[in-house]
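With the hints as extra help, turn the sequences into a complete structure.
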Amino acid sequence: MTRAGFALVIGLLSAALAVLGLCIGSTGLESLRQMAGDATAMQIVRDIRLPRTLGAWLAGALLGLGGALAQGLFRNPLADPYLLGSASGANLGVSLLLVALGASPGSGGWAARLGTTGAAFVGALLAVAVTLSLARGVQQTLRLLLAGVVVSMVLGATAAMVVLWVPDIMRAMQAFILGTTAFLGWPSVALLGGALLVCLLPAIGLARALDALALGEASALSLGIALPWVRLALVAALALATGAAVAQVGLVAFVGLVAPHLVRGIVKPTHGWLVFLAALMGGALLLAADVLARWLLAPQELPVGGVTALLGGGYLLWLMHRRRL
Amino acid sequence: MTASVLEAQALRVTVHGRCILDVPRLAVPGGRWTAVVGPNGAGKTTLLKTLAHLLPSAQGRVHLLGRDMNQWGGKARARALAWLGQNEGGAEDLLAQDVVMLGRLPHQSWLGAPGPSDRAAVEDAMRQTQSWDWRERPLGQLSGGERQRVLLARALAVRSQVLLMDEPLANLDAPHQADWLLSVRQLVRDGRTVVSVLHELGMALQADELLVLAHGRVVHHGRTDDAACRQALVDVFEQRIALHQVAGQWVVLPK
Amino acid sequence: MIGRVLAGLALCWWALAACAAGLVDDRGVEVAFDAPPRRIVSLLPSLTETVCALDACDRLVGVDDFSNWPEQVHKLPHVGGLEDANVERIVALRPDVVLLATSARVSGRLENLGLRVVALEPKSMKDVQRVLGKVGQLLGREPQARALWQRLDAGVSDAAAQLPQRAHGKRVYFEVNSGPYAAGESSFIGETLARLGAVNIVPAALGPFPKLNPEFVVRADPQLIMMGDRNAVDLAARPGWDGIDAVRNRRVCVFSAAEGDVLVRPGPRMVEAARIMAACLEKYFP
Numbered sequence: 001m002t003r004a005g006f007a008l009v010i011g012l013l014s015a016a017l018a019v020l021g022l023c024i025g026s027t028g029l030e031s032l033r034q035m036a037g038d039a040t041a042m043q044i045v046r047d048i049r050l051p052r053t054l055g056a057w058l059a060g061a062l063l064g065l066g067g068a069l070a071q072g073l074f075r076n077p078l079a080d081p082y083l084l085g086s087a088s089g090a091n092l093g094v095s096l097l098l099v100a101l102g103a104s105p106g107s108g109g110w111a112a113r114l115g116t117t118g119a120a121f122v123g124a125l126l127a128v129a130v131t132l133s134l135a136r137g138v139q140q141t142l143r144l145l146l147a148g149v150v151v152s153m154v155l156g157a158t159a160a161m162v163v164l165w166v167p168d169i170m171r172a173m174q175a176f177i178l179g180t181t182a183f184l185g186w187p188s189v190a191l192l193g194g195a196l197l198v199c200l201l202p203a204i205g206l207a208r209a210l211d212a213l214a215l216g217e218a219s220a221l222s223l224g225i226a227l228p229w230v231r232l233a234l235v236a237a238l239a240l241a242t243g244a245a246v247a248q249v250g251l252v253a254f255v256g257l258v259a260p261h262l263v264r265g266i267v268k269p270t271h272g273w274l275v276f277l278a279a280l281m282g283g284a285l286l287l288a289a290d291v292l293a294r295w296l297l298a299p300q301e302l303p304v305g306g307v308t309a310l311l312g313g314g315y316l317l318w319l320m321h322r323r324r325l
Numbered sequence: 001m002t003a004s005v006l007e008a009q010a011l012r013v014t015v016h017g018r019c020i021l022d023v024p025r026l027a028v029p030g031g032r033w034t035a036v037v038g039p040n041g042a043g044k045t046t047l048l049k050t051l052a053h054l055l056p057s058a059q060g061r062v063h064l065l066g067r068d069m070n071q072w073g074g075k076a077r078a079r080a081l082a083w084l085g086q087n088e089g090g091a092e093d094l095l096a097q098d099v100v101m102l103g104r105l106p107h108q109s110w111l112g113a114p115g116p117s118d119r120a121a122v123e124d125a126m127r128q129t130q131s132w133d134w135r136e137r138p139l140g141q142l143s144g145g146e147r148q149r150v151l152l153a154r155a156l157a158v159r160s161q162v163l164l165m166d167e168p169l170a171n172l173d174a175p176h177q178a179d180w181l182l183s184v185r186q187l188v189r190d191g192r193t194v195v196s197v198l199h200e201l202g203m204a205l206q207a208d209e210l211l212v213l214a215h216g217r218v219v220h221h222g223r224t225d226d227a228a229c230r231q232a233l234v235d236v237f238e239q240r241i242a243l244h245q246v247a248g249q250w251v252v253l254p255k
Numbered sequence: 001m002i003g004r005v006l007a008g009l010a011l012c013w014w015a016l017a018a019c020a021a022g023l024v025d026d027r028g029v030e031v032a033f034d035a036p037p038r039r040i041v042s043l044l045p046s047l048t049e050t051v052c053a054l055d056a057c058d059r060l061v062g063v064d065d066f067s068n069w070p071e072q073v074h075k076l077p078h079v080g081g082l083e084d085a086n087v088e089r090i091v092a093l094r095p096d097v098v099l100l101a102t103s104a105r106v107s108g109r110l111e112n113l114g115l116r117v118v119a120l121e122p123k124s125m126k127d128v129q130r131v132l133g134k135v136g137q138l139l140g141r142e143p144q145a146r147a148l149w150q151r152l153d154a155g156v157s158d159a160a161a162q163l164p165q166r167a168h169g170k171r172v173y174f175e176v177n178s179g180p181y182a183a184g185e186s187s188f189i190g191e192t193l194a195r196l197g198a199v200n201i202v203p204a205a206l207g208p209f210p211k212l213n214p215e216f217v218v219r220a221d222p223q224l225i226m227m228g229d230r231n232a233v234d235l236a237a238r239p240g241w242d243g244i245d246a247v248r249n250r251r252v253c254v255f256s257a258a259e260g261d262v263l264v265r266p267g268p269r270m271v272e273a274a275r276i277m278a279a280c281l282e283k284y285f286p
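Protein chains in written order, with the numbering used here: chain F, 1 to 325; chain C, 1 to 255; chain E, 1 to 286.
It is worth saying that the hints were derived from the structure and are not from the lab.
None of the values given here were measured: they were computed from a predicted structure.
From the three backbone atoms N, C-alpha and C, an ideal C-beta is built for every residue, glycine too.
Misleading hints may appear alongside valid ones.
[Claimed, not checked] Which chain F residues face chain C? A few, computed with CB under 7 Å, are given here:
| hint | residue |
| --- | --- |
| 1 | R75 |
| 2 | A214 |
| 3 | G216 |
| 4 | S219 |
| 5 | L221 |
| 6 | G224 |
| 7 | K268 |
[Claimed, not checked] Example chain E residues on the side facing chain F (calculated, C-beta under 7 Å, incomplete):
| hint | residue |
| --- | --- |
| 8 | N86 |
| 9 | V91 |
| 10 | R105 |
| 11 | R109 |
| 12 | N112 |
Written out as structure tokens, the structure is:
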């Protein structure tokens, strides 16, 4: 299959899923049918389902893009974009915010204005900053990886202790950890779209460098690639992409890992194409998971992170079975 | 006396407090093929990496084509000096021709697409290493020898003045080792400089110059047709090899 | 004649003004209403109970999954739990106001969609009085709200007064969850216990629901233990606990899930909560 052909297939699939996304919800197809006459039905379709569907695709695209970048940076086909600690940072940020919100009725003020989204985003960025400083810059990829793992573990444990200390927030934390698209409105869609555009630019610009990196760090250096700058730009793009996605939809597992992996299994692209196709694939995957999450137990919803974990885990099991990891 | 393309002064590399390379002075002559030999752990790869400016922690000065390495811009240096490393994995999913095209990176602008001259260089390099026939196969599906030939093509595609190769004959069978020899001879005839680390001593003795390393120090550096050179080779391997001349070429056999 | 008309007009004007006056919720946000809401969605069980206690149950069009009192609430559409409220279903119900907790994440989304959101979260007895007042203001039933509070307050005092003298001043340990998480003096449960004359082994300084070191409980040696049936494992099996007064003399009250709901929710059923705990005290200290 050619690369352009693959892009077309995924694009069509996403469009089909988007239409499905507009049809599924607590009120089913009724709302679509009554849209013209009924203001509430119109609001449901236009202001709730449409932004959710688009937001799910955009968040998935950000995660797919992040996954491609992470796999290129760490030269590991099973790297995922949370390796630099952004997920744990978001986790901790949200837990601290929930504690602040519940601390006293009036303190709502700044905490309410920041919101879960803001706290998660700030937490993710700060965690990556801590990873960078722990790894003492971007001189060595291995140090970066280890620092990321350390930061993930420490921040994750801290968040767990916060929840233990203030058990009131446990349910809210679980809801955040399992991920959901229920809170995506048009402002969220604008934010996600903006983040995607901002991250695509360095990603496509760095594509050649990522290809050269695939040959090994020494070979990449010998080809004239300015590795420290490349790594810094990659880390920044990763932080922004995962931070934005996690802030809006919670901790969604596996999309970042599976999307580029799937793309590489079907076509063999260079990073210029891979970055673009992985974003498309990630969008389609998360959208599919979201549609499933909303449809399986309608009118109730499954958490979308749970669905992606099941699907992602299933995919990896299938890969192991075919012995082609 | 040919001018030297690579000059090094006071090279020192220390790892964990231990000095693994100590070369006060070295001059690699231009337009010739120099083979670097020595026992395991002698510092051959380290020397090559230092000359290629790939070890930021190395001390000392290296001059490429008369100019200090630090004054060469990244891309300009990459156009002048190509490197082929040893056992560098990865790139399983890239097509062979995409891998070889990477060798043209130093000649391409940041976002520029490959042009006709790039494609010509890639085809030329791949035909030289007999890997053109499977240019559309991903690297992960090639055998060890086929892969090595693709990576060799990548280094050749750079069309640089100086070529540094670390163990370029790994996994190659005899006919393809012979092909490599022919390529190197052609490069030298074209005026390029080749430095290669080789474990195949018989092949090393085909080179123009021999650089013998032991324990991080240069033990001998001179022409291969010099008897002192052959003696140095035997000495560095502790008299456990014997050199015999067969049909005009030197053959190395264990004693 | 003109005087009466004017007085009548003034009364109407004042009434209208009162109705149109803004209500300030627990987030400090002022929400304006032209008229008392006719369609209410409640996402917090204690708020559901408060609305029904003020005779406005028929105005409820949707509740959360955990609201289960009074009986008629079961027939209403359930729109999700505390953390995963179903935005679409709430909008489809076309509510005039949505009542929820201050910590609910969904409030921002609902406000973006143009719905009126009032966030109230009662956590203590004073909160119950305040929330009753606010919901009363919202429903235009302030006098009823004030009267209800008087009845509730008096009811709790009655329950305390009817306890035998022996039941006063006993050391009580209330476990809310395995961990063990205890209800401290500053929690709603703790306040009820205090008004019943019991001494909580967990002082207010430790917070409303601290996670205790089991040694603390052993050292405090409570004379009566209260807990929910989900955690009612064999207390004597816990290391060192067989020496506790309450365990030795088997003074342990185990509450069912329904009773647990009453005890935990700060709302109009606080008299019932006081009576349940009083019954427990009376049982072991007659």
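Status of each hint after checking the structure:
1. Given the 7 Å rule on beta carbons, the hint for R75/F holds: about 5 Å separates it from the nearest Cβ of chain C.
2. Look at A214/F: its Cβ gets to within about 4 Å of chain C, closer than 7 Å, so that hint holds up.
3. Contact between G216/F and chain C, as hinted, is supported at the beta carbon level, the nearest pair being about 3 Å apart and thus within 7 Å.
4. This hint holds: S219/F has a C-beta 5 Å from the nearest C-beta of chain C, less than the 7 Å allowed.
5. Hint on L221/F holds. Least Cβ distance to chain C is approximately 5 Å, under the 7 Å limit.
6. Given the 7 Å rule on beta carbons, the hint for G224/F holds: about 3 Å separates it from the nearest Cβ of chain C.
7. Because the closest C-beta pair between K268/F and chain C is about 5 Å apart, less than 7 Å, the hint holds.
8. Hint status for N86/E: holds, given a least beta-carbon distance of 6 Å to chain F, under 7 Å.
9. The interface hint given for V91/E holds, since its Cβ lies 6 Å from the closest Cβ of chain F, which is under the 7 Å cut-off.
10. A hinted interface residue such as R105/E counts as satisfied when its beta carbon comes closer than 7 Å to some beta carbon of chain F; here the least separation is about 6 Å, so the hint holds.
11. For the restraint placing R109/E at the interface with chain F, the shortest Cβ-Cβ distance is roughly 5 Å, inside the 7 Å limit, so the hint holds.
12. Because the closest C-beta pair between N112/E and chain F is about 5 Å apart, less than 7 Å, the hint holds.
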